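Undergrad: With the hints as constraints, model all of the structure from the sequences given.
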Amino acid sequence: MALKQRATPHPRQLTVWLKNADSPGSLLELHAKHADSFNSIHMSACWVTFSRLLRSKGMPKEPQFLRLCWQSQEMASNKTLQGRELANVTYAAAKIGMCSTHDQDLFGALAAASTACAGGF
29 MALKQRATPH PRQLTVWLKN ADSPGSLLEL HAKHADSFNS IHMSACWVTF
79 SRLLRSKGMP KEPQFLRLCW QSQEMASNKT LQGRELANVT YAAAKIGMCS
129 THDQDLFGAL AAASTACAGG F
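If you read the sequence shown in the working numbering, its first letter stands for residue 29, the second for the next number, and so on.
A hint or two may mislead.
[Unchecked claim] With a cut-off of at most 30 Å between alpha-carbon atoms, the simulated DSSO-like pairs for lysine-lysine come out as follows: (1) LYS123 / LYS107; (2) LYS107 / LYS61; (3) LYS123 / LYS61; (4) LYS107 / LYS47; (5) LYS47 / LYS61; (6) LYS47 / LYS123.
Rather than coming from a laboratory, the hints here were simulated on the basis of the structure.
Note that the structure is a prediction, hence the values are computed from the model and not measured.
TA: Shown next as structure tokens:
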């Protein structure tokens, strides 16, 4: 009898894939394919890897990147991201040069969530 393939990857495997992505595009593809499986650790790993890969390539304008920003904002707003994950996402977003007015929604959500859990830092 053949084994059924998992519809969603094991959380540990998804973390490994995120950390080992070799380009911003492959990272965004992973997010697009597995966004529903992302937890706070995955979101943090995604942003940190993204900032490492984007050092000098400039800000992406792809719809997939906007979905990553939107999901990060939602996770911050509903308190899914906590302490370390909030710090990592905020640091990575700043490191890649996010500073336009549409980025302010993400930074606003991250700031509000950080204020709410300030005792956990």
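Undergrad: Evaluate each hint against the coordinates.
TA: Structure-based check of all given hints:
1. LYS123 / LYS107: Roughly 23 Å separates the two Cα atoms, so the pair holds.
2. LYS107 / LYS61: The hint holds at about 23 Å.
3. LYS123 / LYS61: holds, 25 Å
4. LYS107 / LYS47: holds, 23 Å
5. LYS47 / LYS61: Given that 30 Å is the threshold and the Cα spacing comes to 16 Å, the pair holds.
6. LYS47 / LYS123: Roughly 17 Å between the alpha carbons, so the hint for LYS47 and LYS123 holds.
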